[in-house]
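Asks: Protein chains in written order, with the UniProt record's numbering: chain Y, 1 to 380; chain D, 1 to 380; chain A, 1 to 380; chain P, 1 to 380.
Rather than coming from a laboratory, the hints here were simulated on the basis of the structure.
Check each hint, because a few of them may be wrong.
Unchecked claim - Using C-beta positions, here's what the derived DEER-type ranges look like: (1) D:P250 to Y:K358: 46 to 56 Å; (2) P:A235 to D:P250: 25 to 35 Å; (3) Y:G307 to P:F67: 37 to 47 Å.
Where a beta carbon is used, it is the ideal one built from N, C-alpha and C, also for glycine.
Number of protein chains: 4
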Amino acid sequence: MKHHYQAIRKLSEKICAPLQKEDYVVQPVPDVSPPKWHLAHTTWFWEEFVLSQHVKNYKRFHPRYAFLFNSYYDSVGERVLRLHRGNMSRPTVDEVWAYRAHVDEQMMAFLPSASETVIRLVELGLNHEQQHQELLYTDIKYILGHNPLFPPYLEDFKETLFIEQDHSYIHIPQGSYSIGHDTTCFSFDNEHARHDIQLPSFAIRKSLVTNGEYIEFIKDNGYKNPLLWYSDGWAWVNEFKIDSPLYWYPKEGNWYRYALSGFEKVNEAEPVTHISFYEAAAFAEWKGMRLPTEFEWEVASDQFQWGQRWEHTNSAYLPYPGYRKPAGAVGEYNGKFMINQMVLRGASVATPPEHSRKTYRNFFHPPLRWQFNGIRLCQK
Amino acid sequence: MKHHYQAIRKLSEKICAPLQKEDYVVQPVPDVSPPKWHLAHTTWFWEEFVLSQHVKNYKRFHPRYAFLFNSYYDSVGERVLRLHRGNMSRPTVDEVWAYRAHVDEQMMAFLPSASETVIRLVELGLNHEQQHQELLYTDIKYILGHNPLFPPYLEDFKETLFIEQDHSYIHIPQGSYSIGHDTTCFSFDNEHARHDIQLPSFAIRKSLVTNGEYIEFIKDNGYKNPLLWYSDGWAWVNEFKIDSPLYWYPKEGNWYRYALSGFEKVNEAEPVTHISFYEAAAFAEWKGMRLPTEFEWEVASDQFQWGQRWEHTNSAYLPYPGYRKPAGAVGEYNGKFMINQMVLRGASVATPPEHSRKTYRNFFHPPLRWQFNGIRLCQK
Amino acid sequence: MKHHYQAIRKLSEKICAPLQKEDYVVQPVPDVSPPKWHLAHTTWFWEEFVLSQHVKNYKRFHPRYAFLFNSYYDSVGERVLRLHRGNMSRPTVDEVWAYRAHVDEQMMAFLPSASETVIRLVELGLNHEQQHQELLYTDIKYILGHNPLFPPYLEDFKETLFIEQDHSYIHIPQGSYSIGHDTTCFSFDNEHARHDIQLPSFAIRKSLVTNGEYIEFIKDNGYKNPLLWYSDGWAWVNEFKIDSPLYWYPKEGNWYRYALSGFEKVNEAEPVTHISFYEAAAFAEWKGMRLPTEFEWEVASDQFQWGQRWEHTNSAYLPYPGYRKPAGAVGEYNGKFMINQMVLRGASVATPPEHSRKTYRNFFHPPLRWQFNGIRLCQK
Amino acid sequence: MKHHYQAIRKLSEKICAPLQKEDYVVQPVPDVSPPKWHLAHTTWFWEEFVLSQHVKNYKRFHPRYAFLFNSYYDSVGERVLRLHRGNMSRPTVDEVWAYRAHVDEQMMAFLPSASETVIRLVELGLNHEQQHQELLYTDIKYILGHNPLFPPYLEDFKETLFIEQDHSYIHIPQGSYSIGHDTTCFSFDNEHARHDIQLPSFAIRKSLVTNGEYIEFIKDNGYKNPLLWYSDGWAWVNEFKIDSPLYWYPKEGNWYRYALSGFEKVNEAEPVTHISFYEAAAFAEWKGMRLPTEFEWEVASDQFQWGQRWEHTNSAYLPYPGYRKPAGAVGEYNGKFMINQMVLRGASVATPPEHSRKTYRNFFHPPLRWQFNGIRLCQK
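Only chain Y is shown next, with the shape it has when bound in the complex (with noise of 0.2 Å):
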């Protein structure tokens, strides 16, 4: 276990490794927090839930950090608003490392005399951390992606690891079929409990929707075309006036992007993403197609690749029959989002190994796009 957490912990600094000073400090829009806080956040969770209740005599780093960097514990004080996180330059970077080292040193003392309880706990938090992990990869993408000089993150990083060749479609017969995690190992509780449902015959497309597909959308006029979208969809694309992926400028005839590598022209043939549900759902219904549910993805995922983007569901966020949230703070994990989102399924190239499986929930919110999702397609 000391092994493991410590893994974890260096991929959260290795990540920040190719950042300036300045570029841990800025929060250009309220769902995207500095890497700085990501750092220290994911720390208050070890000292907030696992040192301060186990370790005796658990002396605090800072007495304030519990109040900075409590992201949204309702249950365990006031925190600081999701909008000024970005205001905030004080504590340092330098004191946040600090922090860290502070932290792990306790951490790397107590592990071994953990009880099983307490070893629960941390998978927990290192699970915690690997969601973070993704976050900064996404945050710091567009912190760089919306200076205007394109700052590039890593100029080898490769947003797409491979090319889909195959665009045919999977059939699944009708049937019951089990969904929900087994618990035979880590798990949220929000893949609980496992349980059989119904399933009509269905077609699922064995690749995602391409940058090329996608701009064929545009060309006609997709993002122009009313009876293709949700209603709060049509609302937002006016409201915002969107017309194309985030990260997307068009040049000369030609679409570009910012990519974690630097500006870049778009490949056609790689996966489109940084698409929000509504352009998901607005595509698929312009291709006569639809969105998988997330039960039908998690029953068919055998059968294709994926891992390489967030895949939109057609399938709210909502507890499986029998859900009940854990006792105490942790019990806000995951229930209390349990409203408004719609759930994506399957991983991303910012996705920290061994982090990722089939019956994994994500979740956000549908104008939201950010993260690294994409398109899979079901018949009709």
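Using the hints provided, position chains D, A and P relative to the given structure of chain Y.
Replies: The following block gives chains D, A and P in isolation, referenced to the frame of chain Y:
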């Protein structure tokens, strides 16, 4: 069909009979439309989809009304922004009555010769008008209930038809159940296709939550405890400083409310109403219970009295398997709203006669409160 | 005084005679009040400041009207937020007429016995009502002019009374001049005290800027050139996408406008109107000219025809030396507005007879456009 | 001139010396700019208006910096929206220092050969940089003073240099007085032309209003009494729930404040600061006094100590008679702000040495509070 058409059209007029001319005009918030607008919009439906399509050389009553009274059908041309309806003093109420008379006369002449296809469209139009009849009640209540003089709508209007005494639970066994409408008579596209689902066993309460129970929740600081609320609900409570149902006012230690019969003391035995999905869910959490899914509701509904309040469910408004939008403008009727809304089941005191059935799926955004809705609980 | 009272009260009613009942109710933007509200608010003035103060045992027409129709007198109790006036369908128009009749009857009985002090208050009340008569015209224009049907108010209403032919300049020598009212007859506190000021020599145009001149400004991209605008004006133009005077619409290569007589082609010889201070200042800059100060205007005003448009000046609305607010609620009449507003001088086609004089100081916030205002130029 | 240039440029750097790198980046509200931005923008001035215009073949340090660091000169190209400055993590602080070094080196080489015309432009640039030095202090205070940790800027920084003991009034006789700068040395265009005005007699206080006096105003419910406030001020107090000066916090029955030296108890003898024009005017009204006009201030200023606080006046920021904007981009310097702002006179503890004179006209919008401003009273 002529008789049925006439009966439904007359009811719209009867609902408005107690109004003063000035009441027909105002729109206090975007979700509430002026009564005048409802009367004209339901009339526009006949002109747009029936008369102008199927009556040779039909001359529209006024060339600009199609623009003024289109509510949301993006495929039939530009429309007046919902927000601006309350700024339109013209056409006057008398002109709208003349518009209705003109269209009714034309419809009565046309109906005897209508084809089977058109008859189905007329059925849709009548159901459409019935939906606006319910909105007439709730919008009139909002207009009069937000006037500092609190004028009654009708002094003998009853918002509660019967008091429920039996608060016990019905137990439904685990099993496979059929959901949706069998299409033997009129139903909306969103009730199709009828399909089987698996349900675990559950227990659902016979009665709705009462005002008295809800007052206990308020007294126990239910509106102040973040752990009871969804994250979005907690943000909503704080942004709008919500602390009681819509239309409730504290006065000398008691709760009063505006009802269609006027300003009066809250009766603790009546079922609570005018609470958002967020409030319904927080109340259920506080009670150690949960809201039913729309499927549980439909399966159990033969065993309890319903029809006084639209009942919040924990189901997102999504298409049933195999759902397909009808072709043409009528296809915009339901499908485009299948995002960000929650399903309510049952019917209310404001629902017109013969416009309710156990498969009916009503839907609203989670914060909305101006409908006659209520809370039914399931055991966790 | 009884005759004078009656004549002014009747004029308010005459202005409203062409309206439909529905026109009395709406409030399309916060600055525009419903005509019904003007009729009630001017009546409330008599009840609040005269009858309830000076008539023994006076019984108010309705106990809640003081709350509903107080516009801004913070010292006499709570008031209905200006924003919400358009949501009040009650009291009805007929009830407001009854309120006026009741108060007028009481006033007619009371006036013969009124003391000198009260007579001065009545004079203020009559001037107050005249100010609302001008607002009745401009608010009615806004309500009908923002209705998609563009209903005329009165087909023979003339917004321009005479065409100015002489565009030459009047030269005023440097010197000391007296400014302000000599208080020999009624005037507002903001016109006092009369005092001397030093003015350098200046040249002011005899005529107002015409529609034709303003069209040149538009054609020369006046709305697109930031160097012509104040910084706040440029932000306003861009935020609200302003590109022409209020009520102007381009149609087939020509400019049309809504006037109280209906929708019509812009007449190039008439004086331009419905332009904000920002537009007036940008136009002057474009022309190589400047706006007069309110003092220059007052000094020169005997030498040009005025009274068709309120004329923008480059003077901020500030107290004259030695200005003191009157005691009591009436003290709120003018002084509290002496910030963030610019002075307009003269009078307009909507100003009631005998309600104008060369010392009169009108004032509005710089972006506002719904008054009948205009532009007079000075040489730089 | 080289020495003068160097001295002023160095002061900007000295002001920033106590900062952490992270402090240079953030922008908590639109009016407050990141210190990094001030350092770059003042450097851009030299590159844009001097080096690129007057040095043959001058090569800009970076092709995009003109876009990034133009604050408001609309005539020299597009600019980064003021709102977004705080989202720009790049260029880094080190890159900005390199930019400054590059431009300074070029300027030092160029200055000896500069023509008289260019020298006047350099003088303007140095005064421009001094204005930003004052903003550096006030913006740094805002950034650190809104951080929950309240880090001091410099523990020995003195916001008050001397305590005033004499609160008596100076009496100035009625008469004609000269106002404005005589242009014998550097001054801004808005101080011209010098001209005579008539003033009635008046009495102005020798000392500024103290914290102790202001606490009396708070205790007497000054923030709750609408009759003390301008109408726009009252709306502002209520919208933003203002109840004390900026940076003040109640704690255990006493008032504390954040100062550049850290969090400390309010000293009642010091002059109050960080109050808006609205608060200054309401305080004066409460005291039965009034604010001076900028002309009264200028006439009396030789007879009282000033320089600790920018002093609110009751004069709107308007051009003096005969004012003309300079030609070219420099013409945007002052003239475009002559609307919606009030004049402040004097200087503050944050004003650089030799950047103050009695004719200097500072100006801000009425609600702004983050400058070191204060209140001087006149008798009514």
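Asks: Each of the hints needs a verdict: does it hold here or not?
Replies: Going down the list of hints, with the structure as the test:
no.: 1; hint: D:P250 to Y:K358: 46 to 56 Å; verdict: holds, 52 Å
no.: 2; hint: P:A235 to D:P250: 25 to 35 Å; verdict: holds, 27 Å
no.: 3; hint: Y:G307 to P:F67: 37 to 47 Å; verdict: holds, 39 Å
In this structure, none of the earlier numbered hints is contradicted; all agree with it.
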